[in-house]
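K.L.:
Sequence:
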Amino acid sequence: MARGTLVSDLRTVPGDAAALLDFVEQQGWGDGFPVIPPTEARVQAMLEATPLLPAHVIGVVEPRRGEATVEKIAVNAVLAGCRPDYFPAVLAAVEAVCEPRFNLYALNTTTCCATPALMLNGPARQRLGIECGYSCLGQSGRANATIGRALRLVMRNVGGAIPGAVSKSVFGQPGRVSLCFGEWEERSPWPPFHVRRGFAPADCVVTAACATGTQDIADIWAETGEELVWVLAHSIDWIGNNKVLVKQEQGDMLLLLCPDFAHKIARDGIDVPAMQRMLLEWTRAPIERWHRAHWPKLEARGYVEGNVVPLARHPEQFLIAVAGGESGHHALYFCTFGLTWSVSKRFTLDAPYTGGESCELPQPR
Numbered sequence: 062m063a064r065g066t067l068v069s070d071l072r073t074v075p076g077d078a079a080a081l082l083d084f085v086e087q088q089g090w091g092d093g094f095p096v097i098p099p100t101e102a103r104v105q106a107m108l109e110a111t112p113l114l115p116a117h118v119i120g121v122v123e124p125r126r127g128e129a130t131v132e133k134i135a136v137n138a139v140l141a142g143c144r145p146d147y148f149p150a151v152l153a154a155v156e157a158v159c160e161p162r163f164n165l166y167a168l169n170t171t172t173c174c175a176t177p178a179l180m181l182n183g184p185a186r187q188r189l190g191i192e193c194g195y196s197c198l199g200q201s202g203r204a205n206a207t208i209g210r211a212l213r214l215v216m217r218n219v220g221g222a223i224p225g226a227v228s229k230s231v232f233g234q235p236g237r238v239s240l241c242f243g244e245w246e247e248r249s250p251w252p253p254f255h256v257r258r259g260f261a262p263a264d265c266v267v268t269a270a271c272a273t274g275t276q277d278i279a280d281i282w283a284e285t286g287e288e289l290v291w292v293l294a295h296s297i298d299w300i301g302n303n304k305v306l307v308k309q310e311q312g313d314m315l316l317l318l319c320p321d322f323a324h325k326i327a328r329d330g331i332d333v334p335a336m337q338r339m340l341l342e343w344t345r346a347p348i349e350r351w352h353r354a355h356w357p358k359l360e361a362r363g364y365v366e367g368n369v370v371p372l373a374r375h376p377e378q379f380l381i382a383v384a385g386g387e388s389g390h391h392a393l394y395f396c397t398f399g400l401t402w403s404v405s406k407r408f409t410l411d412a413p414y415t416g417g418e419s420c421e422l423p424q425p426r
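The letter at position 221 of the sequence shown is residue 282 when you use the working numbering, and the numbering goes up by one with no holes.
To be clear, the hints were calculated from the coordinates, so they are not data collected in a lab.
One or more of the hints may lead you astray.
Simulated pairs of lysine to aspartate or glutamate, EDC-like, Cα-Cα distance not exceeding 16 Å [as the list claims (entries may be wrong)]:
id: 1; residue 1: 406; residue 2: 160
id: 2; residue 1: 406; residue 2: 264
id: 3; residue 1: 406; residue 2: 156
With the hints as constraints, model all of the structure from the sequences given.
P.N.:
Below is the structure:
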């Protein structure tokens, strides 16, 4: 059953896949990758996955302040290649980044390469096929790739984050196409991330955190959990960290641990709050790491305590989750550009959906 009449303008487009890709590129709707034509029937099928009406506004997308209606999000989700059952997760992701504390305006206009990193928790991981283990951040399957991509297309087509014209990111990054994964809760020695945030274990939750990229941290020497946390801390407190450019009390940052690392740390009785406190203490970099000419500038901004420059002010600014393959020696750090806070949103997967196809194309904007 159709959820309602669509209001997006319809365009007649080429039927050939290559010609369609050229058309989408000419319109400025895409990201360079092939797209699925968002025919009216496909968009209606996407809408069947939510009880919300097509005109319902999920959020205002900065910097254009475009209204992200359920319909517009559905059009972009089809473009991205999402299955209809992914749609509730996409809606929740859009809602998360539109929260004022996420500060999407800054993220979409910064010269930094920041992008939302989406992490899913709860039973949605199994039901949608979200990868949590090996290669979960790349080459990991349709759900990870298209849910993250749908959000990025909404940011572009509804929010106006057009490279060069609006988005001033100097380099961009691959995560600006898609960055989405699940926490491997079953291999974590600690309560899942969303439970630590106050949600129930059975809740489906998506968390949007800022990522300027991914920094691999490898270690084969640490024999204790304390040693390993020390290695992690001193791998993320480098002076070129974008987080150092803003006030230390601003922003949180995500650290992913492979299961082996997490269990090595937990084996020594270190829980997540203890690890966060250790990271806070050990990411206080000595001012001597900076060029002497920079010391007065750091001091003028109030960044110096004694002879150290803290990376953060509160333990909770370090977000800890478990993902990635087993039998590894790696962690992954998502540096933040500092002016954003992660946001978690609950969603449900109970609404039915149907498929369909037609020959007319609603615009994604």
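K.L.:
Can you list which hints this structure breaks, lowest number first?
P.N.:
When the structure is compared with the hints, none of them turns out to be violated.
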